[in-house]
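Asker: Here is how the chains run, residue by residue.
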Amino acid sequence: MNEKVIEIENLKAYYRISGNINVLALDDINLEVKKGEFAGIAGESGSGKTSLLKVLTHSFPSSMEIKGKVVINFRDKNFDVLTLNEDQIQSLRWKAWSYVPQAAMNSLNPMAKIKDIFLETLESNDKTMNRDEFRKKMEDAFENVGLSKQFLNFYASRLSGGMRQRAIILLATILKPNIIFLDEPTTGLDLITQKDVIQLLQNMHDELNSTFLLVTHDVSVHAQATDFVHIMYAGQIVESAPTKELFHNPLHPYTKELINSVPIIGGKRGRIEQNIRISSSIANSVQGCKFKDRCPYAIPSCGKYVYTYKKGDHEVKCNLYES
Amino acid sequence: MAKYFIERIVFLILTLLIGLTIIFIISRSTPIHPIDTIMQQLSSYGGQLTQQQYNSIKDIYLRLYGLNRPVIDQYFSFLAGVLSGNFGPSFSSFPTPVIKLIERALPWTIGLLLTALIISWVFGNLIGLLAGFYDKSGISKFLQGLFVVISPVPYPIIALILILLFVFMIPSFPIMGGMALNVTPKFSLSYIFSIIEHAFLPALSIVISSMAGWFLSMRALVMNIKSEDFVEFAKLRGLKKRKIVFNYVMRNVISPQITALALNIGFIFNGALVTEYLFSYPGLGTLMYRAIMTGDMNTLVGVASLSVIGITLATFIVELMIPIIDPTIRQER
Amino acid sequence: MRNSFIDNISNLLLVYRGFTFGIIILVVLLFLGFGLSNFAPSNDLLWGMGNAPFSIPPTFNYPFGTTTNGQNLFWLLMIAIKNSMLLGFLTGAISIAIATIMGFLAGRFSSGILGDLLNMIIDSFCVIPGLPVLLVLAFALKNYINVVMISLILSIFGWAWPSKQMRNIVMNLNQKQFIMTSKFSGLNTWKTFLHDYLPYVLPWLLIQFLGLVNWAIGMEVTIAIFGMSNMSVPTIGTSIYWAYTNQTLLLGQWWWMTFTLILTILLMLSIYMVSMSISDYLNPRTRLTRLQKSKVLEET
Numbered sequence: 001m002n003e004k005v006i007e008i009e010n011l012k013a014y015y016r017i018s019g020n021i022n023v024l025a026l027d028d029i030n031l032e033v034k035k036g037e038f039a040g041i042a043g044e045s046g047s048g049k050t051s052l053l054k055v056l057t058h059s060f061p062s063s064m065e066i067k068g069k070v071v072i073n074f075r076d077k078n079f080d081v082l083t084l085n086e087d088q089i090q091s092l093r094w095k096a097w098s099y100v101p102q103a104a105m106n107s108l109n110p111m112a113k114i115k116d117i118f119l120e121t122l123e124s125n126d127k128t129m130n131r132d133e134f135r136k137k138m139e140d141a142f143e144n145v146g147l148s149k150q151f152l153n154f155y156a157s158r159l160s161g162g163m164r165q166r167a168i169i170l171l172a173t174i175l176k177p178n179i180i181f182l183d184e185p186t187t188g189l190d191l192i193t194q195k196d197v198i199q200l201l202q203n204m205h206d207e208l209n210s211t212f213l214l215v216t217h218d219v220s221v222h223a224q225a226t227d228f229v230h231i232m233y234a235g236q237i238v239e240s241a242p243t244k245e246l247f248h249n250p251l252h253p254y255t256k257e258l259i260n261s262v263p264i265i266g267g268k269r270g271r272i273e274q275n276i277r278i279s280s281s282i283a284n285s286v287q288g289c290k291f292k293d294r295c296p297y298a299i300p301s302c303g304k305y306v307y308t309y310k311k312g313d314h315e316v317k318c319n320l321y322e323s
Numbered sequence: 001m002a003k004y005f006i007e008r009i010v011f012l013i014l015t016l017l018i019g020l021t022i023i024f025i026i027s028r029s030t031p032i033h034p035i036d037t038i039m040q041q042l043s044s045y046g047g048q049l050t051q052q053q054y055n056s057i058k059d060i061y062l063r064l065y066g067l068n069r070p071v072i073d074q075y076f077s078f079l080a081g082v083l084s085g086n087f088g089p090s091f092s093s094f095p096t097p098v099i100k101l102i103e104r105a106l107p108w109t110i111g112l113l114l115t116a117l118i119i120s121w122v123f124g125n126l127i128g129l130l131a132g133f134y135d136k137s138g139i140s141k142f143l144q145g146l147f148v149v150i151s152p153v154p155y156p157i158i159a160l161i162l163i164l165l166f167v168f169m170i171p172s173f174p175i176m177g178g179m180a181l182n183v184t185p186k187f188s189l190s191y192i193f194s195i196i197e198h199a200f201l202p203a204l205s206i207v208i209s210s211m212a213g214w215f216l217s218m219r220a221l222v223m224n225i226k227s228e229d230f231v232e233f234a235k236l237r238g239l240k241k242r243k244i245v246f247n248y249v250m251r252n253v254i255s256p257q258i259t260a261l262a263l264n265i266g267f268i269f270n271g272a273l274v275t276e277y278l279f280s281y282p283g284l285g286t287l288m289y290r291a292i293m294t295g296d297m298n299t300l301v302g303v304a305s306l307s308v309i310g311i312t313l314a315t316f317i318v319e320l321m322i323p324i325i326d327p328t329i330r331q332e333r
Numbered sequence: 001m002r003n004s005f006i007d008n009i010s011n012l013l014l015v016y017r018g019f020t021f022g023i024i025i026l027v028v029l030l031f032l033g034f035g036l037s038n039f040a041p042s043n044d045l046l047w048g049m050g051n052a053p054f055s056i057p058p059t060f061n062y063p064f065g066t067t068t069n070g071q072n073l074f075w076l077l078m079i080a081i082k083n084s085m086l087l088g089f090l091t092g093a094i095s096i097a098i099a100t101i102m103g104f105l106a107g108r109f110s111s112g113i114l115g116d117l118l119n120m121i122i123d124s125f126c127v128i129p130g131l132p133v134l135l136v137l138a139f140a141l142k143n144y145i146n147v148v149m150i151s152l153i154l155s156i157f158g159w160a161w162p163s164k165q166m167r168n169i170v171m172n173l174n175q176k177q178f179i180m181t182s183k184f185s186g187l188n189t190w191k192t193f194l195h196d197y198l199p200y201v202l203p204w205l206l207i208q209f210l211g212l213v214n215w216a217i218g219m220e221v222t223i224a225i226f227g228m229s230n231m232s233v234p235t236i237g238t239s240i241y242w243a244y245t246n247q248t249l250l251l252g253q254w255w256w257m258t259f260t261l262i263l264t265i266l267l268m269l270s271i272y273m274v275s276m277s278i279s280d281y282l283n284p285r286t287r288l289t290r291l292q293k294s295k296v297l298e299e300t
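Protein sequence lines correspond, in order, to chains A, B and C. Letter by letter, the first sequence follows residues 1 to 323 of the numbering used here. Letter by letter, the second sequence follows residues 1 to 333 of the numbering used here. Letter by letter, the third sequence follows residues 1 to 300 of the numbering used here.
Check before you lean on any hint, since a few could be wrong.
Stated by the list, open to error - Between beta-carbon pairs, the in silico distance windows are:
#: 1; chain 1: C; residue 1: P41; chain 2: B; residue 2: I196; range: 30 to 38 Å
#: 2; chain 1: B; residue 1: E232; chain 2: C; residue 2: Y200; range: 24 to 32 Å
#: 3; chain 1: C; residue 1: T245; chain 2: B; residue 2: S84; range: 33 to 41 Å
#: 4; chain 1: B; residue 1: I110; chain 2: C; residue 2: N168; range: 32 to 40 Å
#: 5; chain 1: B; residue 1: K241; chain 2: A; residue 2: R135; range: 24 to 32 Å
#: 6; chain 1: B; residue 1: L189; chain 2: C; residue 2: T245; range: 29 to 37 Å
No lab work stands behind these hints, which were simulated from the structure alone. Only a predicted model underlies this, so the values are computations on that prediction, with no experimental measurement involved. Every residue gets a Cβ at the ideal spot worked out from N, C-alpha and C, and that includes glycine.
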């Protein structure tokens, strides 16, 4: 099970804003996701994580310029997403991958019944499945998730935010796509519902053997749910490691601060060493490491180049480990 | 859902009361003694009345409006009369009852109004839907500009422009009446053709003016809905464009447009009245003009009352259609 | 505050061609109506008999031609512009005042029975066909008709639609934090209105006012066509009435109707463009395109 299902090479993307002004969203991303993995991408707002998902799911706006290779493996074939036309992408959608967008509660048609939303998704993507069979599948899926099957007859506007979120996750998984992308699926929900959603995701992952890629700024979600985490900062991936390893032994200074900023009951009361809040204005290319102005451990070479250190599965872009 | 119906009925009654009460108050609060004013107007417009007719008009009026009775009595008998279609006799065409005059004119108005309303609403919204969906296209922007210019222009002005163009500059349409004078009313093709020929310009006038509003609002609505998350998500799920246009966009925009229709019927009706008169079309508009010119207060009050009742009922009917289109109303939250 | 006002105006002028076009035409018309019209010869102040030859087409002396009774149409139309504008402004002012009060009350108490009732009343006045009722009213008050009276009776229905918008704005503002604070700290309704709601509501009031001006001018035209305006005084409506009933089109005298229509359309279009531009300007969704456009202009 070591085959790669997603492989990104040298991905650069920027937004064109009136005339010559460009905002760099993704700066030389190289990323691999293995089949069956539950991968996570962590980072603050402005780090480029949503842009990355938009590129992967081919839902980026026309003002975005993209260079590089984004290869997705589906049914033993490799597709470079950036070279496909709209029709080809359309035929891949919801089969090669599915996508749970941010603020998913707004993503359901308020004028449609839940069951109709599911049925239309089925019709558009899988012409072979029997409708009654599917109806049974829907009801079972809902029951499994703790949603009464009567909700299927409700109009989307009638369900609460948390219920809609769960419905959308079901919608994304019910046709068993190869990859499931999730953008901030727990943000905005109360803690108990968050736990439910995370549990749901883990169950789905175990059941389906699909690959999951979850993007969230909430580090504790990564700790609970993911196998492998990539940390993004200012459009770059600064550290990647299996989750346990990352939390045990964070290497990059930014990762350390991210992990330390999770409030723990009984934790030390200490002052934060430095203000490490990102402003998105540092998006454009600078020389050397983008984190150096905020890094408490910066050394002179950080202004000239960035060294990539690799130990097994654990990779980090930081000159501190140059030796 | 029952709540919705009850609300609509309460609204119907309230609106009728307000409208009819205003008319009642107006027609009772002329500063000078009303009968004398009317008599004055009748004789000043050269109405030929014998002394006997004069006296009987005065009598009827006194009795009808019971001016010697307390105001509350008058009010209720006014309401009763108006709601049962009894508006009294016309002063200028005495003793023809007002209701008869109205009966002659009403079908013409209804025909014109209904036709114009349906055409402008359906086409305005349809073109607006397409223009909103393809909002970057040249045609969409052109139509937007065109209707933006048309939209502030009032109904009578558009009617007059059409008259200038098609009756005066390029005489292509008849200027008067509802049908040619030499055609006898029977269900023949030439009769129907004559009606259409005479109704064409007034209908066109109303349609042009009304369509602007529907187009602009629909286009704006569609452009808004297009950028909503749930439309984006539908695209991401692989739904075909046709499905998105009908199930996602249209379903969410039709309901507000029907609500808008309900609220605008009165406004379009006003425009229809003045347009009718300008084209000498034999509907309520022309009837009203003649009533004013001949000082026929009864007919005036009659047409006004009927208009209030009719439009309020029409609004009520359209409002009843809303739960059919918007199923979310049917399910209580 | 003054600086940002100037900023706003210059932004509007630079970015919105509609605004510039509208304002220019409006200013010209204001000048013609309120300035030039004062030079009208005494013959041409009211509709009636004049000294000029009957019904001649436009010439140098009579740029808009003459009426069937020998009056110089040019001066009459200048006065008509003034009177119609006056009527429009007056109706707008009165209607806006009523609409603000009704809309505010309906919005402020929108969660209770009072609010529901007020909302229904507002909707009632929107639904009732105003024209027939206004005609009855104008007929009953025939002897007292003048510009002020017309404004008053038009206001009976004019307030309804703007009131709906006002109610929506107030209901939106209700949810904002600082208003809830005022409510909870017991500030009375009137003060709340002045301090909290008014600053947000003012730009929309302006747009509604302009809409009402147009509506009033249009309604005056309509009731004048039915002969129920102040028929001897020149207004746009009475000009159309006299041009129509004197059968000028049938007789081939196109200038009376045509010039009246042209001036009417210019007036209403310019007011509409100004109000549309302001409304677009306030719309947050178009902000980005606007900022881009104004940046481009700054750089050139």
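Asker: Each of the hints needs a verdict: does it hold here or not?
Answerer: Here is what the structure says about each hint:
no.	hint	verdict
1	C:P41 - B:I196: 30 to 38 Å	violated (49 Å)
2	B:E232 - C:Y200: 24 to 32 Å	holds (31 Å)
3	C:T245 - B:S84: 33 to 41 Å	holds (36 Å)
4	B:I110 - C:N168: 32 to 40 Å	holds (33 Å)
5	B:K241 - A:R135: 24 to 32 Å	holds (26 Å)
6	B:L189 - C:T245: 29 to 37 Å	holds (36 Å)
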